[in-house]
Each structure stands twice: as structure tokens, then as C-alpha cells.
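What follows is each chain in one-letter form.
Protein chains: 2
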Amino acid sequence: MNHPITRMAPTHAPMGQFPVENGELVIGGIPLTRLAARVGQTPFYAYDRSLLRRRVADLRATLPTSVKLHYAMKANPMPALVCQMASLVDGIDVASGGELKVALDAGADPREISFAGPGKQTGELRQAVAAGVLINVESFREVAELAKIGRETGCPARVAVRVNPDFELKSSGMKMGGGPRQFGVDAEQVPELLAEIGRAGLTFEGFHLFAGSQNLKAESIVEAQCKSYELALRLAQSAPSPIRFLNLGGGFGIPYFPGEHRLSLAPIGSNLVTISERASRDLPGAALVIELGRYLVGEAGIYVARIIDRKHSRDHTFLITDGGLHHHLSASGNFGQVIRKNYPIAIGNRMTPEKKQTVSVVGPLCTPLDLLADRMELAAAEPGDLVVVFQSGAYGFTASPMAFLGHPDCLEVMV
Amino acid sequence: MNHPITRMAPTHAPMGQFPVENGELVIGGIPLTRLAARVGQTPFYAYDRSLLRRRVADLRATLPTSVKLHYAMKANPMPALVCQMASLVDGIDVASGGELKVALDAGADPREISFAGPGKQTGELRQAVAAGVLINVESFREVAELAKIGRETGCPARVAVRVNPDFELKSSGMKMGGGPRQFGVDAEQVPELLAEIGRAGLTFEGFHLFAGSQNLKAESIVEAQCKSYELALRLAQSAPSPIRFLNLGGGFGIPYFPGEHRLSLAPIGSNLVTISERASRDLPGAALVIELGRYLVGEAGIYVARIIDRKHSRDHTFLITDGGLHHHLSASGNFGQVIRKNYPIAIGNRMTPEKKQTVSVVGPLCTPLDLLADRMELAAAEPGDLVVVFQSGAYGFTASPMAFLGHPDCLEVMV
Numbered sequence: 001m002n003h004p005i006t007r008m009a010p011t012h013a014p015m016g017q018f019p020v021e022n023g024e025l026v027i028g029g030i031p032l033t034r035l036a037a038r039v040g041q042t043p044f045y046a047y048d049r050s051l052l053r054r055r056v057a058d059l060r061a062t063l064p065t066s067v068k069l070h071y072a073m074k075a076n077p078m079p080a081l082v083c084q085m086a087s088l089v090d091g092i093d094v095a096s097g098g099e100l101k102v103a104l105d106a107g108a109d110p111r112e113i114s115f116a117g118p119g120k121q122t123g124e125l126r127q128a129v130a131a132g133v134l135i136n137v138e139s140f141r142e143v144a145e146l147a148k149i150g151r152e153t154g155c156p157a158r159v160a161v162r163v164n165p166d167f168e169l170k171s172s173g174m175k176m177g178g179g180p181r182q183f184g185v186d187a188e189q190v191p192e193l194l195a196e197i198g199r200a201g202l203t204f205e206g207f208h209l210f211a212g213s214q215n216l217k218a219e220s221i222v223e224a225q226c227k228s229y230e231l232a233l234r235l236a237q238s239a240p241s242p243i244r245f246l247n248l249g250g251g252f253g254i255p256y257f258p259g260e261h262r263l264s265l266a267p268i269g270s271n272l273v274t275i276s277e278r279a280s281r282d283l284p285g286a287a288l289v290i291e292l293g294r295y296l297v298g299e300a301g302i303y304v305a306r307i308i309d310r311k312h313s314r315d316h317t318f319l320i321t322d323g324g325l326h327h328h329l330s331a332s333g334n335f336g337q338v339i340r341k342n343y344p345i346a347i348g349n350r351m352t353p354e355k356k357q358t359v360s361v362v363g364p365l366c367t368p369l370d371l372l373a374d375r376m377e378l379a380a381a382e383p384g385d386l387v388v389v390f391q392s393g394a395y396g397f398t399a400s401p402m403a404f405l406g407h408p409d410c411l412e413v414m415v
Numbered sequence: 001m002n003h004p005i006t007r008m009a010p011t012h013a014p015m016g017q018f019p020v021e022n023g024e025l026v027i028g029g030i031p032l033t034r035l036a037a038r039v040g041q042t043p044f045y046a047y048d049r050s051l052l053r054r055r056v057a058d059l060r061a062t063l064p065t066s067v068k069l070h071y072a073m074k075a076n077p078m079p080a081l082v083c084q085m086a087s088l089v090d091g092i093d094v095a096s097g098g099e100l101k102v103a104l105d106a107g108a109d110p111r112e113i114s115f116a117g118p119g120k121q122t123g124e125l126r127q128a129v130a131a132g133v134l135i136n137v138e139s140f141r142e143v144a145e146l147a148k149i150g151r152e153t154g155c156p157a158r159v160a161v162r163v164n165p166d167f168e169l170k171s172s173g174m175k176m177g178g179g180p181r182q183f184g185v186d187a188e189q190v191p192e193l194l195a196e197i198g199r200a201g202l203t204f205e206g207f208h209l210f211a212g213s214q215n216l217k218a219e220s221i222v223e224a225q226c227k228s229y230e231l232a233l234r235l236a237q238s239a240p241s242p243i244r245f246l247n248l249g250g251g252f253g254i255p256y257f258p259g260e261h262r263l264s265l266a267p268i269g270s271n272l273v274t275i276s277e278r279a280s281r282d283l284p285g286a287a288l289v290i291e292l293g294r295y296l297v298g299e300a301g302i303y304v305a306r307i308i309d310r311k312h313s314r315d316h317t318f319l320i321t322d323g324g325l326h327h328h329l330s331a332s333g334n335f336g337q338v339i340r341k342n343y344p345i346a347i348g349n350r351m352t353p354e355k356k357q358t359v360s361v362v363g364p365l366c367t368p369l370d371l372l373a374d375r376m377e378l379a380a381a382e383p384g385d386l387v388v389v390f391q392s393g394a395y396g397f398t399a400s401p402m403a404f405l406g407h408p409d410c411l412e413v414m415v
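Listed in order, the protein sequences are those of chains A and B.
When you line the first sequence up against the working numbering, it's residues 1 to 415, in that order.
When you line the second sequence up against the working numbering, it's residues 1 to 415, in that order.
Keep in mind the hints are simulated off the structure, nothing from the lab.
One or more of the hints may lead you astray.
It does not matter which identical chain is meant; a pair holds if it fits inside one copy or across any two.
[Stated by the list, open to error] Derived pair list, reagent style SDA-like, types lysine to any residue, alpha-carbon separation capped at 25 Å:
#1 Lys170 <-> Arg340
#2 Lys101 <-> Met402
#3 Lys356 <-> Arg141
#4 Lys175 <-> Gly333
#5 Lys356 <-> Pro180
Just so it is clear, the structure is predicted and the values come from calculations on it, not from any experiment.
Using the sequences plus the hints, can you model the full thing?
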């Protein structure tokens, strides 16, 4: 019954993507305090352009060259970032008419834009047809609407079918396929939908399968990609025309919480080589696509807030910052997390501290939910110092209730 | 081991605050479909002016006339609603410089505005001093800053001390006092803070105690008010001048989830009569204040979204609407709830249905978090019908990530 081995508490994965110089974090070549001065205010989000390039380059080096890389801009729709990504990847995936506008403005080729979403409105479908982008059809209603738009405008819609697979992505942070879902059309209904697409005269191009997101286990992603490929192959038998587009989804995760490790890309790359070779025989002319959002941009971004007060309450120390939940809902633990855990956080201008202290970092809101760090060991810090929340490049700024409690706006910068 | 008594599943409290005519919900005298036409779009929030008036009247009838009623505008800062509330209540509580502006624009008397928040910035403190409002001081730093502002401007700040009590509000949806907190100053540090306030030459007016929010048990609120009063009385002995203001907090809840019942006001009213009588002897000249946000406005508001698709997936039916998590984060279960539960929801244009059906109501976002109703029995509904989320007058619009996924803006209307 004795346990002589002491177990270490799990720690955050090292945040080595940003260099440290003279004790300061360096973002896009600029020391943090200078960047804050350049931005002219705190709080802000900063995204490092060189890290976006490096992440895409690493993926290109690991995945077969025949596989196309798409950016799912829901992860971060900042226009300047989408411009940058449009120049790096092979296509952009949009989730609304609003996102479609940003992608087109960014110069993305409409032929390489695809549009998915379980509740596309008639106006959005019209926009998408007019733009000439690929529409991932998710219901019988959408096919009927697109047929009508085609008759009225003379533009046949380009469509792929978003399939709700008959399996789930294991170990996924968020399951988006398997069982009853609002996303896509159940695999077993797809043959009927394909017949409908053929009758409606739409231009059929392929399939979109997306089993889940935020997965850190390469073997689960490999399994999902294999199953997705097999399912697509089976469904292709009912297609009205050859498959030209096969989106195998993404789901590549990044480490947020203590004990999580970075995803190993190598097994995914090897598996995609195999699938790619098979596809060249089974589905000649079909482009294989991997769609990534968070994985491309999440680690390249930080959220920065300034400490405005330091308070002791009953033997506990609170650092109170000018930013919080209203700008970064996920870091507060209120966006899909069942149990709140700390994001990786540092005092960005005291990266090589002599003294450390266990503190909680909170925002300025009148709610106990406004918590950025719960009893973390950080560099001993004072008002004026800069709190940095890492892993904030995806689902940060736009996934937050900015208007809550009427505080000043947050900014975003690309460096 | 037998359980012959079948236990009924808990149900939502009846949402009788809105009348039904010809099968339609009526908001501010306007049938829902006509209101949607008047607004010109879905989704929208609608707040019923007559229900705001009725709620305040009910409170006035139950609480002693000597108790002042404040509106905590963080619950709903829509300018037109704040104008309405300013004419109904005795004061407005603001939580930021931004809210202060809205309250002043609404015509609230600065003498009856109070400003609380754990991270007040220097600029906000300057605004508050210039406006002449009461500042609920929450740290020693704020006292020093206010002393400096006073020396520079010649305006002595009006201050109350926000106390972090040495007890918790039992059965509270959200605890905001007791233990270590970022809110207020620990009761045991208050005498020292009061001395500091005296030395700094600030105008001391009283205390603000706020133990927690969203409480549905009258006896817990009564207990917290009694303890808050006793604590204030004790702390008043160290005050540099007589107490003129004593905010006993609020914490009155409204029923959101199945099995929850409306708060019984009567015992709270009786208790406040007793406290009020005691205060007239113990603290002559002190105004007792109850501060309410959610309780005043929550039940007067609905969120309305239109069904744009109806989808069957593996024997489950989904109603897909044009609104969702991005407009109403709380109803999706992602704002402070540990276990997701359904808000009360109805098909607002089919309130006397012949046929019902168990469905899930989801929004248009590409995330499984975008869920407004999980397997609820609702009137059988079709695209075009209007989904209504009740209890949406507080922490709805501004507590939601509006920009998420680039969908059209939501509107708010007062009727």
C-alpha cells in the first residue's frame, strides 16, 4: 500500500516558440514591452507571422506534396492574418457569408474556397454561388435551395457533400461526427442526397468529412483519416460524377493544459502518403485536402494584459489585470471546458525571474468567472508588468464576449 | 428495493409573464410574428417594458419603503433599457467607465450612481471623480490613486468600502464573498483601509457587501443580509465619519433550469423591515440599498431566432436556427455552468400546439457547443417558425461572443 515513488504534478508543454532576450519574450522580433508601446494600449492579441510560416513549412515537410492544406478561418478571422494565410496555404475554409467576404478580400482564389456550416441561409448560399466557391452541402434543403438559385441565376452551384460519418474520432477534444449530429448528412443518407444533387444539376465535386477537433493523439487522427477515406471511397460509388475533391478534415490539436504534449506529425504524414498513393489509383484526379484551423495559428498567438493591481486576500495573492474573460473566454475556462484548467501563462517581461510566487491572475470584471490563472507559480510581478497567455492564436478574440461590462476594446496585431 | 412511486422529471417554472393570443406569444402588447416583422430581422432580443415596471412595483410592495432599489446595469446595459430603469429605480450600479457613460447618458442622478469593480483603472477613477459618483473602493491602491486625483483636481472622491465578508452566501449560483477573493477588501483589513481613507481626505459614505448572486432560497438571502448588516455595524465603529450608505447586495435569482422555482420575496421583505428598523437606531441617516441586476430584467427578456432547417439524423430531429451560441452564450451552457441544462424554450408562434415533438435546437455554427435545446419536447415546428428562449433579459446579448464565425449582428428591442 506504500507509494514510495513521488509523482510530479503535470506541467504545461514548453512554450519555446517565442525567443527570450534580456528577460523579455520576443514576438515577431520585437521585445514585448516595446511591442506593447507600439500597439499603444493593453490588452491586445499578437500573432507572429514567422511562426505561421514555420508551422506551414513543417507541415509541408511532413505531409506528402500531393495533399493540399486548407486554413479553416473560423479559428482566427483577423483580416491581416487571413491575408497572410492565403499566401501560405492552398485554400481557405469559411463558415459564414461574413467569413467568405474576408477570404475573398484577402485574395484567396474562389476555386479554392469551401463553405461549410449546418445552418446556411439563403442569402449566404446566393453569395457563395455568385463567388464561385465550393459549397459543402449539409442538408436536403440546401440542395433544393441551390437548385433554385441555379435556375434563377444560370450559375450551377459547385458542391461537395459534408458527411456525418458512422464513426467517431477517438480522444477528440470535440466530437463532430458519429451518432446523431447537426453537421453534414448521415453517411447512410448520402447516396440519396447524391441522386438529388445529380437531378438538381449541381456541379458535384466531392466529399468533406470532419470527425472532430483538438486531438493530440496521432494514432486517433490516422485511424479517422483511414476510416474517412474508406467511407468516401464507398460513397463515391453513388456519385453522379468523378470525385475531384476529398477533404479528410483535420482535428490536429495543440497542447493547452498541464500534462498535454505536442502532436507527433510523422505517423500522420506516413499514413497520408499511403492514402495518397491509394487515391491516385482509386480516385484519379481527386485532390486530397487537410483542413486545419487551430493547429496552423493557435501557437503563433499570445494575449497580453497589464497588471493594474496586486492584492492580498486571506493569504492568497491576486494579480488584477486590465484584460480577462471578456477578451479571452477560453482562457477563463468558459468555452467548452467541463473542468477549468489553466492555460500556459507567463509574466512576459520577467521571463528569467529571480523570484517566483504562487498567484491567481484575474480580470477587472465583477464576476468570479473572470479568472486567467488559478494558483499558478509565476515570476513575482507588480502593477505595470505584462501577463502573457500563450496558445491564444485560435478561438481567442472572436470567441469572446467583448462587450461584456463595457470595458475598452481589445486590439489585434500581426508582427 | 422496489420503487413503486414514479418520480416525475423536473420541469421548468411556468413562463407566464408573457400572454398568449391566437397561439402566439405577446411581447409588450405585440404578437411575436408581428414584432419580428417590425424588427426587420431575426435573431433579436426583446425586452418588455411593462414587465420591468411590474417587477419593480412588486419589489416596492414587498420591501420597506425606506430601502432603496439599485439597478446593477452589468446585467443588461442596453441604453434604452437603462433609460427605462433609471426612471424606475433609486440608483444605478456601474462596473466600468463605459457603463458609467451609459448611466449618465440615461439621466441617472450621479449622486445615486455607484461604481464597483476589482480592477478599476486610473482613467476610470478620474471619470468617476469628475462625475461625482460614489466609488466602491476595493483595494489600498485605489485609495492612494483617489487621494492623488483629489489633490490634482480639488475634487474629493466620494467612497464606500466594498467588503469581502468573512462568510459566504449559501446556495448561491455564484459566490462572490468569503474566503480569498479579488472582490473588495477582506473584512479584517477594513479598519486599516478606513484609517487610510480618513488620512487621504476622501469623503467616506459607507459600505458595500455582496456575498453572491443567482440565489433562489429566500432563507439564504435573509441570512446573508443579516450577517452583512452585523458586519457593517461592526466595521462602522472604525469609520472616519457616520455611515450614509449601506449596500447589502442582492443575489436574488430567477429560475432558469428544470426543478427551479421562483424566489419567495415575502420573507426577504419582512427581514428588511427588521433590519431597516434596527438601522434607523444603529446608523441614523444611513440609506439601506439593495442592488439587483438579473432579478429586475432577466424575466422581462426573450431571445428570438428563426428556424432555417429541420434535419433528421439517426432518429434524432434537429431544428437549425439563425441564432445560437454567438448571441446567447448562457443558453448554450457555456457561461459558468458546470453541467449544461436547457433554458426554458418554446416555439413562440405555436404556443397552443396540437402536436409536440422531442427535438434539439441548434445554431448555425460549426461547433457542437452551439446547442440551445438538448432533446426538449416542443411544439412540432418547421422552417420559418420562431424559437423563443425565455429568461434572456440578463447576461444575454453583451455576455456573448457576437463576432464568432462572422454571422450577421443580433439586434435588441424594447417594447
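Exercise for the section: Would you pick out the hints that fail for this structure and give their numbers low to high? Expected result: none
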